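Enquirer: Sequence:
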Amino acid sequence: MKLTLDRVHIRPFALSDAEPLRELRVHNREYFRPYEPARPDSHFTLEFQKNLIRSCWRDAQKDAGYIFGIFLNDNDRLIGRVSLTAVFRGPWQNANIGYYLDRRYTGRGFMTEAVRLAAQFAFTDAGLHRLQGAVMPRNTASIRVLEKTGFRYEGLARYYLHIHEIWDDHNIYAMTSEEWDTEARRRIGMIP
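Position 2 (the sequence shown) corresponds to 2 in my numbering; numbering is contiguous.
It is worth saying that the hints were derived from the structure and are not from the lab.
All values reported here derive from a predicted model rather than from experimental measurement.
Heads up, a few of these hints could be off.
[Said to hold, decoys possible] Below 20 Å or equal to it, Euclidean Cα-Cα: the simulated DMTMM-like pairs (lysine to aspartate or glutamate) are:
1) 148 with 179
2) 2 with 125
3) 148 with 178
4) 50 with 23
5) 148 with 6
6) 148 with 181
7) 2 with 17
8) 2 with 76
9) 2 with 63
10) 62 with 125
11) 2 with 59
12) 50 with 19
When you get a sec, could you build the whole thing from the sequences and use the hints?
Expert: Listed below in structure tokens is the structure:
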């Protein structure tokens, strides 16, 4: 499975992506540090990345989560990751969306394209009704990605996630399939 927009595509990771994924994680270790839980040194090994990819496959088979690499269309270079995790079926039909991008590619709209593709997958292929994103208030670039994709602000979750020794507040953003349908039609010019 591969979903494509103008400049990027997303697809599930293959084992051949383990080394590029390790390189991306190592290269961006300090850049990602303020926004992620503490990572042990083992997280940055090839073996860890291979095991992570295998775990992603198992989660997808169980409909528990979907993890995609973000690749440039022109050279198939891995530049980031977008994930739909904690998939909940039943009356909620919800998943959490998360993402990261190699710092060398930030500020150019690549992540906005990737999040749009992940939302497309969530609402069309996976049949979800709602996506939720949690972003630290200081992470303005990530907030902007969600806003440009059509997510709406729902509120502040106090002490939401444990990030490097503190419980950090997060802004909660969400989008439903109804909102996605409207956003998708607006992007292709069907509605103003």
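Enquirer: Each hint needs a verdict: does it hold in this structure or not?
Expert: Consistency of the hints with the structure:
| no. | hint | verdict |
| --- | --- | --- |
| 1 | 148 with 179 | holds, 13 Å |
| 2 | 2 with 125 | holds, 12 Å |
| 3 | 148 with 178 | holds, 17 Å |
| 4 | 50 with 23 | holds, 13 Å |
| 5 | 148 with 6 | holds, 16 Å |
| 6 | 148 with 181 | holds, 15 Å |
| 7 | 2 with 17 | holds, 15 Å |
| 8 | 2 with 76 | holds, 12 Å |
| 9 | 2 with 63 | holds, 18 Å |
| 10 | 62 with 125 | holds, 15 Å |
| 11 | 2 with 59 | holds, 18 Å |
| 12 | 50 with 19 | holds, 8 Å |
Checked against the numbered hints listed earlier, the structure breaks none of them; every hint is satisfied.
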